[in-house]
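Need the complex rebuilt from these two chains, each delivered in its own frame; the hints are there to steer you.
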Amino acid sequence: MNKIQKEWGTLYETDMLILGTGASGVGAALKASEKGCEAIMIGKGTLESSGSLGGGNDHFMAALGTDEPHDDKETFINFYMKSAYGYKREQLSQWYDAFKPCLAVLDEVGTEFKPKEGGGRFRSVGFGQPGAWWLHIVNGRTIKRNLAKKIRKLPHIHVLDDIVITKLFAENNHITGCMGFNVLTGETVAVSCKVAINCLGWHAQRAGNNSTGNPFNCWFTPFTTGSYFSLAYEVGAAIINADISGRTTMLPKGWGAPGMNGINNMGGHELNALGDRFMGKYDPMWENGKRRNQIMGTEQEQLEGYGPPFYMDMRHLNKEDVHHLQYVLMPADKETYLDYCAARGIDFHTTPLEVEIGEIALSGMLLADERMETTVKGLFAGCNFTSFSGAMCGGFIAANHAADDAKTASQGILDDAVISAHKAKDMAPLENQKSTGLSYMEFEGPIRQVMDYYAGFRRNMPGMELALKRLDLITAYKDKVKAKNLHDLMRLREGFDLLELCKIHLFACLQRKETGRGMYKLSDYPNLDPNLDKGLAVQLKDGAPNCFWIEKTA
Amino acid sequence: MPPVFNSEKCVRCGKCVKDCPAYILALDKKTDKTPHIIEEYKFECWHCGNCRISCPSDAISFEFPLYTLV
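Top to bottom, those sequences are chains Z and U.
FYI, the numbering for the first sequence is 1 to 554, going by the numbering used here.
FYI, the numbering for the second sequence is 1 to 70, going by the numbering used here.
Treat the hints as calculated values from the structure; they're not laboratory data.
Note that the Cβ used here is the ideal one computed from N, Cα and C, for glycine as well.
Incorrect hints may have been included.
Quick partial rundown of chain U residues pointing at chain Z, CB under 10 Å, derived from the structure [said to hold, decoys possible]: (1) Asp19; (2) Pro21; (3) Ile53; (4) Ser61; (5) Phe62; (6) Pro65.
Residues from chain Z that keep clear of chain U, each with C-beta distances beyond 10 Å, as calculated [as the list claims (entries may be wrong)]: (7) Asn2; (8) His156; (9) Thr185; (10) Gly236; (11) Arg315; (12) Lys334; (13) His349; (14) Thr375; (15) Ala428; (16) Gly456; (17) Phe548; (18) Lys552.
Below, a list of computed lysine-lysine pairs in the PhoX-like style, where the Cα atoms sit at most 20 Å apart [stated by the list, open to error]: (19) Z:Lys377 <-> Z:Lys484; (20) Z:Lys150 <-> U:Lys18; (21) Z:Lys541 <-> Z:Lys167; (22) Z:Lys149 <-> U:Lys18; (23) Z:Lys150 <-> Z:Lys35; (24) U:Lys9 <-> U:Lys29; (25) Z:Lys434 <-> Z:Lys484; (26) Z:Lys6 <-> Z:Lys434; (27) Z:Lys484 <-> U:Lys42.
The following block holds chain U by itself, in its conformation from the complex (with noise of 0.2 Å):
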């Protein structure tokens, strides 16, 4: 669910996590091969894209969860 990291691309910045308004973002620089969204609280993504804007190498897409399709 969003948003999804391309791990190839990114660079562990971590200006995504910092600029998340929803607080629902994680990196540990030492282990995690490129930022996750912390499961419990994924629901509360607003799809604002505040985490794309702040990426500087294109890292982030976005999937949208079925129930905004439906």
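So here's chain Z without its partners, still in its complex pose (with noise of 0.2 Å):
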């Protein structure tokens, strides 16, 4: 790693360019190092807490390939491949693969998994998956610190803390690096590399509110808003599924935390006001099914005036069950959910969790090849899979792609001109001092304003392109914000991320007329299309958004 001082700031230059040190992150630079990688870590945040992992975990997900039904790489893969378009068989049987090496990495950092009876690690069925592929993770408060302390020690892997990404930069359609701020000191850092990885972190927040108004109350992290695409996509990656992608789960009432999947798949009762339980109605695995299934049949219910309040009852369960559930689980996958039921007197044993449908979260994936390149030579997609073991692995094996590449690859090279032109375009919030200029909340409120009114659960196309015009509107003040200090101008940035991801999200959900594939229903196309069961992707194109469907493979 070279480090060279300029006039707008400092220059990086590293082999692999790893963006983001959440759980994608770490996976990417446990490959990078044992390749012999020379690789940079940088995001927002400490790697001891950045993203989602930051603070706990409480499953990971691993067919392993045991003698017990359905944990097969073949089940694996046919379960995804049904279950998403843009996956390719090769992609997830390197996931697969990686299953192993990453537990190997979590037992040696600490990690203590709930043990089966006569042996083994205790797994359950989630998510209407075929096979009980998910482990019980019961110290997942610490697993970032634990798994943070490795990699600071890893040799080839230099770690950049508190660095905002502005911008990727990109030459004849192949990554050349990134720039940034750094959130403390303001300085500017851009970092030149052969190849990067994007582990920006596919669940993004702040779209929409829950019951409670406050977006930063939200179910994943709320400082994830959508740079994984956002950045991408203005390079030229293209973008799959953010149609689809939305998704949204139960929350314990008033209070973002995630932890349904531990409390279905535990075998909870979700009841309806009137005390009946209705999921059957909706799924055949009744509240163990698809995520989507649950939330739809929980609006329906609500629509039909059957609630609120839904409870989730644990009380059947046994005393073990219920035990393991609130006090290890629970607090695993979010550190203050002890805290919070305390504060609402809740107790699993002999009440019924109230909850309620929480805020839409946006998503999708980036185009990506059997090597999980992007359509951006180069740039890698490291957060294509769903949940911990998907982020880590997912990394996990990008980087085992990238880190071949650059031992070819040329050295990206940066123009300081360019960088020094988006450093002032950057920093510009600092100096708009202005009365009328629109704070960091003044700018990304209206933006879930239009997002919860014109494409909430129920929608129709007439709204949506109602809901893109006024999402270009807001884009029209981008120059009129102002930050006073480079927290607000942080907040800004990922308020510019969200918007963009909001409106590739509408855009996409344009094309698709049908119900049925999305978290929405939509009333001017009430039905399941047979003809669109294929993913749709976005890409930019001379400066304008651009589709095409991706066939879905066998």
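In structure tokens, the structure reads:
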């Protein structure tokens, strides 16, 4: 790694650039180091606490090829080939192959898994999957710190904490580097690279509100707002499934937290206000089926007046399971879960947990080939797989290919004049102190206003067309924003990423004239169209969004 | 509002400030007895608990905002 002082800030040169320091970035760093590839990890926050994994995680999904039912590679691949567009069998095969080495690292750093009676690790079924693939993590709250301790000692790996990435660079459709600013010092930082792994997180929050009206009180970390997509899209990466990957979950009432997978897969029952268990109407696997069906089913009950309130009832489970859920899994997923329970007087043993439908989070994938390389050469997708397992393994396998390519790829050349110009643009809100300037909340609040109003669980095409126009209006205000400090500047940047992803999402939704694959219903196209059993990609061409369909592969 | 710092237990190491992914905690070691949440950004607290996980002296507890309790 070279560090060069420039008039505009600091330039680093490395072979591999790892964008983001969450679970996916960790996976990428592990593989890069193993292959002897010089890499820089760069991202917001500190490695010890950044990303969705920072505050903990309670599950790691892994089919392990044992003699347990449906635990083989073929079943695993077939499940995901059916559940999402844009995957390739070779990608999923590599994900499966990465389970064991990633689990070995988790073991090495002291991760404790719930043991199974008679030996081995306990696993449960989740998300309508055929096999029991979900390992339960007992000490999930410290995983990220334990992994960080290892990463910081790895040879060839350098970590740049506290950097807000504002731009990627590409030349002739090949990635050359990135730039951003240090949120504590304001220093501009740029990294030139031979290859890059995008590990910025596919689960974008703050696109909508739950019942509390606080966008930061959301399902997953509120500090991921879509840069995985917006930055890559800007340099030419195609995005797939932006239309149908919007997702949400049931939240503990009033509190943004993950954890429903544990409750569902341990056998929790969802009840409506009348005390009726209703999910059998919406999914043959009841609560433990597809999460989309749980949300759409609950929403339907709500429309018909059978709730709120809704509850998850665990009283029928055996005492040991209930205790495991409340006192092991939940705090492993979110460290403050027991504080929330205490504040609301919640005890899973004696009272059902009141829940609500959470806000819609936007997502999708970067269109990638068998080697996880995106449509931008040298830029690899590290966050195309789901959950902690998908993130860590995704970074791991992307780095495997990227490290190979780094041996022959040329060093990216970054233009000082271009960086200086972008720096001036990035920092401009700090110079704007006009009373008419928009603060970050005044800028991003209207994005949620549009999305909640026109793009909720029930929508229509004219409404989404109008929503897109309203987002264009918000875009016109990007040069009217102001920041009084670097914290505000960071939040503005997050708002810009969010705005871009919302526009991509709506543009894609307007092409898909059917109901049934996304987490919303279209009143003007209420039926599933069998001809649309394919993925939709969006890519920037000549400054405008362009879409194309991806046929489903066997 | 969350998090709440116990000034008797706090050793003022600043780890909570460093590891807060929201950048909403502050500690001026010259003047502050304990870290504090920056008032205007307290709504950005996600209750992730990273501050408490990092705290070596068990000095952090949580008080939940009213909007999470209704």
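Sort out which numbered hints this structure fails and list those numbers smallest first.
Hints 12, 19, 26 are the ones this structure does not satisfy, whereas the remaining hints hold.
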